[in-house]
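Respectively, the protein sequence lines represent chains A and B. Once you know that position 300 of the first sequence is 300 in our numbering, the rest is easy, because the numbers rise by one and skip nothing. Once you know that position 379 of the second sequence is 379 in our numbering, the rest is easy, because the numbers rise by one and skip nothing.
A few of these clues could be false.
[Claimed, not checked] Lysine-lysine pairs mimicking BS3-like chemistry, simulated, CA-CA at most 25 Å apart:
1. B:612 with B:214
2. A:163 with B:452
3. B:153 with B:273
4. B:109 with A:123
5. B:3 with B:153
6. B:366 with A:217
7. B:356 with A:217
8. B:3 with B:356
9. B:331 with B:257
10. B:366 with B:337
11. A:164 with B:153
12. A:3 with B:257
13. A:186 with B:607
14. A:123 with A:109
15. B:109 with B:214
16. A:217 with A:163
17. B:214 with B:291
18. A:109 with B:109
19. B:89 with A:123
For the record, the hints were derived by calculation from the structure and aren't laboratory data.
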Amino acid sequence: MSKRKFRIWRGDATGGELKNYQVEVNEGEVVLDVIHRLQATEEPDLACRWNCKAGKCGSCSMEINGMPRLSCMTRMSTFEETETVTVTPLRTFPVIRDLVTDVSFNYEKAREMPAFAPPVGLKPGEYRMQQMDVERSQEFRKCIECFLCQNTCHVVRDHEENKKEFAGPRYFIRAAELDMHPLDAKTDRKELAQQQQGLGFCNITKCCTEVCPEHIKITDNAIIPMKERVVDRRYDPLVMLGRKILRRDQIAPLASTEPAVHAGPVVVDETKAPVDFGRELLPPMGAAVNAKGKVDLNEMLSDRSAAASPFGDDVQFPVDPTALNYYHPDKL
Amino acid sequence: MDKFVYDVVVIGAGGAGLRAAIEARLAGKRVAIISKSLFGKAHTVMAEGGAAAAMGNVNSNDNWMVHFRDTMRGGKFLNNFRMAELHAKESPDRIWELETYGALFDRTKDGRISQRNFGGHEYPRLAHVGDRTGLELIRTLQQKIVSLQQEDKAEYGDYEARIRVFAECTITELFVTEGRISGAFGYFRESGDFVLFETPAVVLATGGVGKSYKVTSNSWEYTGDGHALALRAGAKLINMEFLQFHPTGMVWPPSVKGILVTESVRGDGGVLKNTEGKRFMFNYVPDVFRKQYAETEAEADRWYTDPDNNRRPPELLPRDEVARAINSEVKAGRGTKAGGVYLDIASRLPAEQIRKRLPSMYHQFKELADVDITSAPMEVGPTCHYVMGGIEVDPDSAAAAVEGLFAAGECSGGMHGSNRLGGNSLSDLLVFGKRAGEHAASYVDALPARPKVAASDVDSATQAALAPLERKDGDNPYALQHELQEIMGDLVGIIRREGELAAAIKKLGELRARVAAVSATGGRRYNPGWHLALDLRNMLIVSECTAIAALEREESRGGHTREDFPKMEPKWRKVNLVCGMGPNGEVTLEHQPVPTMRDDLLNLFDKSELAKYLTDEELPA
Ligand SMILES: Cc1cc2nc3c(=O)[nH]c(=O)nc-3n(C[C@H](O)[C@H](O)[C@H](O)COP(=O)(O)OP(=O)(O)OC[C@H]3O[C@@H](n4cnc5c(N)ncnc54)[C@H](O)[C@@H]3O)c2cc1C
Ligand code: SF4
Ligand code: SF4
Ligand code: FES
Numbered sequence: 001m002s003k004r005k006f007r008i009w010r011g012d013a014t015g016g017e018l019k020n021y022q023v024e025v026n027e028g029e030v031v032l033d034v035i036h037r038l039q040a041t042e043e044p045d046l047a048c049r050w051n052c053k054a055g056k057c058g059s060c061s062m063e064i065n066g067m068p069r070l071s072c073m074t075r076m077s078t079f080e081e082t083e084t085v086t087v088t089p090l091r092t093f094p095v096i097r098d099l100v101t102d103v104s105f106n107y108e109k110a111r112e113m114p115a116f117a118p119p120v121g122l123k124p125g126e127y128r129m130q131q132m133d134v135e136r137s138q139e140f141r142k143c144i145e146c147f148l149c150q151n152t153c154h155v156v157r158d159h160e161e162n163k164k165e166f167a168g169p170r171y172f173i174r175a176a177e178l179d180m181h182p183l184d185a186k187t188d189r190k191e192l193a194q195q196q197q198g199l200g201f202c203n204i205t206k207c208c209t210e211v212c213p214e215h216i217k218i219t220d221n222a223i224i225p226m227k228e229r230v231v232d233r234r235y236d237p238l239v240m241l242g243r244k245i246l247r248r249d250q251i252a253p254l255a256s257t258e259p260a261v262h263a264g265p266v267v268v269d270e271t272k273a274p275v276d277f278g279r280e281l282l283p284p285m286g287a288a289v290n291a292k293g294k295v296d297l298n299e300m301l302s303d304r305s306a307a308a309s310p311f312g313d314d315v316q317f318p319v320d321p322t323a324l325n326y327y328h329p330d331k332l
Numbered sequence: 001m002d003k004f005v006y007d008v009v010v011i012g013a014g015g016a017g018l019r020a021a022i023e024a025r026l027a028g029k030r031v032a033i034i035s036k037s038l039f040g041k042a043h044t045v046m047a048e049g050g051a052a053a054a055m056g057n058v059n060s061n062d063n064w065m066v067h068f069r070d071t072m073r074g075g076k077f078l079n080n081f082r083m084a085e086l087h088a089k090e091s092p093d094r095i096w097e098l099e100t101y102g103a104l105f106d107r108t109k110d111g112r113i114s115q116r117n118f119g120g121h122e123y124p125r126l127a128h129v130g131d132r133t134g135l136e137l138i139r140t141l142q143q144k145i146v147s148l149q150q151e152d153k154a155e156y157g158d159y160e161a162r163i164r165v166f167a168e169c170t171i172t173e174l175f176v177t178e179g180r181i182s183g184a185f186g187y188f189r190e191s192g193d194f195v196l197f198e199t200p201a202v203v204l205a206t207g208g209v210g211k212s213y214k215v216t217s218n219s220w221e222y223t224g225d226g227h228a229l230a231l232r233a234g235a236k237l238i239n240m241e242f243l244q245f246h247p248t249g250m251v252w253p254p255s256v257k258g259i260l261v262t263e264s265v266r267g268d269g270g271v272l273k274n275t276e277g278k279r280f281m282f283n284y285v286p287d288v289f290r291k292q293y294a295e296t297e298a299e300a301d302r303w304y305t306d307p308d309n310n311r312r313p314p315e316l317l318p319r320d321e322v323a324r325a326i327n328s329e330v331k332a333g334r335g336t337k338a339g340g341v342y343l344d345i346a347s348r349l350p351a352e353q354i355r356k357r358l359p360s361m362y363h364q365f366k367e368l369a370d371v372d373i374t375s376a377p378m379e380v381g382p383t384c385h386y387v388m389g390g391i392e393v394d395p396d397s398a399a400a401a402v403e404g405l406f407a408a409g410e411c412s413g414g415m416h417g418s419n420r421l422g423g424n425s426l427s428d429l430l431v432f433g434k435r436a437g438e439h440a441a442s443y444v445d446a447l448p449a450r451p452k453v454a455a456s457d458v459d460s461a462t463q464a465a466l467a468p469l470e471r472k473d474g475d476n477p478y479a480l481q482h483e484l485q486e487i488m489g490d491l492v493g494i495i496r497r498e499g500e501l502a503a504a505i506k507k508l509g510e511l512r513a514r515v516a517a518v519s520a521t522g523g524r525r526y527n528p529g530w531h532l533a534l535d536l537r538n539m540l541i542v543s544e545c546t547a548i549a550a551l552e553r554e555e556s557r558g559g560h561t562r563e564d565f566p567k568m569e570p571k572w573r574k575v576n577l578v579c580g581m582g583p584n585g586e587v588t589l590e591h592q593p594v595p596t597m598r599d600d601l602l603n604l605f606d607k608s609e610l611a612k613y614l615t616d617e618e619l620p621a
């Protein structure tokens, strides 16, 4: 038993501060135990969520020393005796009070995700699937909805403006799960992910996979395969990058450190803009594909010489600048 | 105060509540689902082992009659036979239905739902997904509700047109007008604002009561709210003396004491050993089970590969037997320092297999106890796990004694008798959740006029809820909860004695005034101290029911063990103890006969087996 130093964020939507505490810590305890001890002694109204205390329900997500974690699975023995442990609420979601945030964003995204489509002609009890085939989707169904991945993803962390169009890694694995479900009757899951869930925002930084307490390989097993298959018809340079270079530190020198593909609406002063920034642009057309969904590489079969344009064959070069919303930095 | 009007209000978003809501919505009703925690976090998420249903996918000898027999044996014949019958007959359909909602259970070689062995079940019977079956179940139901909401959005332009989830909302009172349910009252945890639901039908699906115990696998939600709400509304609780202590909870480190180690560890070959290295369960096979369990280690080990020609290992005895055996070993000084025994799977299966078959156990021990279960044994001991007792309901319709009140899941009583078999809860949730939703809907259809909530009732509910915040000099709610847990754990635990039970009842009586005067600091927004202060009175009344019924039942049966009455008495098998609430809020207790089993069901058993449970007059000719 020993006294340890804690700094815990106290406050609500109007603001708050880190408060210092000295708390007793016993052998084998986790951060959530310490919070419970504070509740039972000094701070009965300290707000935090928890249910199972065994890493099964995904309620107790918070940021511990800046790292998004389940507090019931963060053992005190992982910190130095003298270390101050700083506990703050999830940053990506609005604070309700203390360590509790408003995670309704995630439930809204879940609602927008088309549900499982039962196969026609199969009655209950007649479903037959092989273990091998269900295992891929089962990996994603392990998700405990702790929303740590959602909290970590830089596309929405500190980018409120992207929340409308971006469903987040939790719902990419849901899309992948249904896409890989042996009996799901819906066939356009990947396209939906690209068009409606904002899969294109993701530049495969793998931060989501790093924080997932269920060790779901969100990027490798869900996002990349989804992107790859969409790419059969649609060009996405980041996939090639992600496929070859899988670690974030390796991606860094190639990709810009800024979030690379934030294709969300650009807001610029009208009077300064040489072109019409308010215009909603058509997404680039995919390249022409054959019956197998592949680009024809054989020039003999194709109606033009050389490979098809990655931007779609309907694009004429040079492009008419008034049809772009590209903002030239020099014109600022 | 927000006010909502619904056809059916379901309190609880676990398996039972969600299944009820789906059914009521399919019957065309406008439904509200209310839950204390976030959507998808209810206790059901923690269930590990599986859902029992006699689909016969792994052993084709299995059918509803075998399942029925196992359930009755497990409950020591105190079960409501009709509930056990419906449960055994309908579970397979309820499980298959989940597949049409998108559930992905583990498969057999021929592509059907795989089933696993579990304590008390004669054949492999538990549909499962690794050791996270509860998660699969709740997520599937949650996603089904979302899909219904999507249909409503397409039809009415609003996701919440016919089914709405009120997460982090706690119900503190039910309203009854002229003998019928008229509404429910509660607060939003987030804002502390009050809310009134006007509804003619309420389905209670609030789960259990385990938070009244020190060592428990249950979370903060399990404060017996549904039990207490029903009592206050005028319904009855039955079998409250029967609590299941799961034999294998973690005992080390102290902070995780009580967290469950799934039974599948034993179903997959794990064995219990004392500190002398002896596999002690062979010494604890009671006479009633002698014929079904192996007598030597060799026979027990052969069973895993050849169950048709060998008897099962005694580690798979019903939970109450195993819990008592561990308790005895520890008391005899053959337990570990932390008060447990060893559960060893490491020496029985290759590491690779352990990780594959028990992934979340591997994970749990690695992260919480720093133990690698593929190379070291686990330290386990009994933990309070499940309450068999609950709201007395009509078996077919799940209706409680108050018109318009229905109950399903762990908060209802009767189905499991004196002891629940592992895996029977998840299927119970589905079978009776569906029935509750269906019958709540048809009750509303048949109702000539909707009862009105009395304004005075709303006022007094508001005052009661605000009182702890306004009082300044009462006890701290956490301290009171701790005292309550001590009383229940020490005096109304696994092994009970007359003197201790009487002492517990006296102490609980003394707590009553202090609970009524509890005070909470802070404001109304997300204030856990205040929330606990409001839950305390529920925990207290339910604990009193347990203690009083436990003192009354002078025998040992299933989840109720009296040191002073160690035998099972056929004459007590005929009695259900029924708790109600008197005019001054005190607990009343009555004897009520257990319904007599139909002959066609009685004939499913050997006469010699029946003789162990029934009195001579009850035996069929
Ligand atoms: C660790 C563990 C493992 C288990 N493993 C198995 C297993 O393998 N197989 C099996 O069959 N069973 C198992 N069980 C038992 C089973 O999980 C539970 O009995 C079952 O899930 C209870 O479901 P329910 O729908 O009745 O309630 P729950 O799922 O507990 O849901 C209760 C709901 O009621 C809500 N609620 C409660 N009070 C209020 C209130 N006042 N106002 C509003 N809402 C309220 C809660 O928020 C929650 O949403 C296990 C239990 C535990 C704890
Ligand atoms: S890999 Fe994609 S989804 Fe995951 S954190 Fe990075 S950008 Fe977000
Ligand atoms: S994918 Fe992992 S990190 Fe994301 S919500 Fe699910 S469990 Fe949490
Ligand atoms: S409390 Fe359930 S995951 Fe931490």
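Going down the list of hints, with the structure as the test:
1. B:612 with B:214: violated, 35 Å
2. A:163 with B:452: violated, 43 Å
3. B:153 with B:273: violated, 57 Å
4. B:109 with A:123: holds, 20 Å
5. B:3 with B:153: Measuring from Cα to Cα gives roughly 22 Å; hence the hint holds.
6. B:366 with A:217: The given pair, whose Cα atoms are some 19 Å apart, holds under the 25 Å limit.
7. B:356 with A:217: holds, 17 Å
8. B:3 with B:356: violated, 49 Å
9. B:331 with B:257: Distance ~18 Å between residue 331 of chain B and residue 257 of chain B Cα, so the pair holds.
10. B:366 with B:337: Given pair residue 366 of chain B, residue 337 of chain B holds - Cα atoms ~20 Å apart, limit 25 Å.
11. A:164 with B:153: holds, 19 Å
12. A:3 with B:257: holds, 22 Å
13. A:186 with B:607: Violated - the C-alpha atoms of residue 607 of chain B and residue 186 of chain A are around 55 Å apart, more than 25 Å.
14. A:123 with A:109: violated, 30 Å
15. B:109 with B:214: Distance of about 44 Å is beyond 25 Å: violated.
16. A:217 with A:163: Between residue 217 of chain A and residue 163 of chain A the Cα gap is close to 23 Å, so the pair holds against 25 Å.
17. B:214 with B:291: Not satisfied, since the Cα-Cα distance of roughly 36 Å exceeds 25 Å.
18. A:109 with B:109: violated, 36 Å
19. B:89 with A:123: holds, 18 Å
Of the numbered hints listed earlier, those contradicted by the structure are 1, 2, 3, 8, 13, 14, 15, 17, 18.
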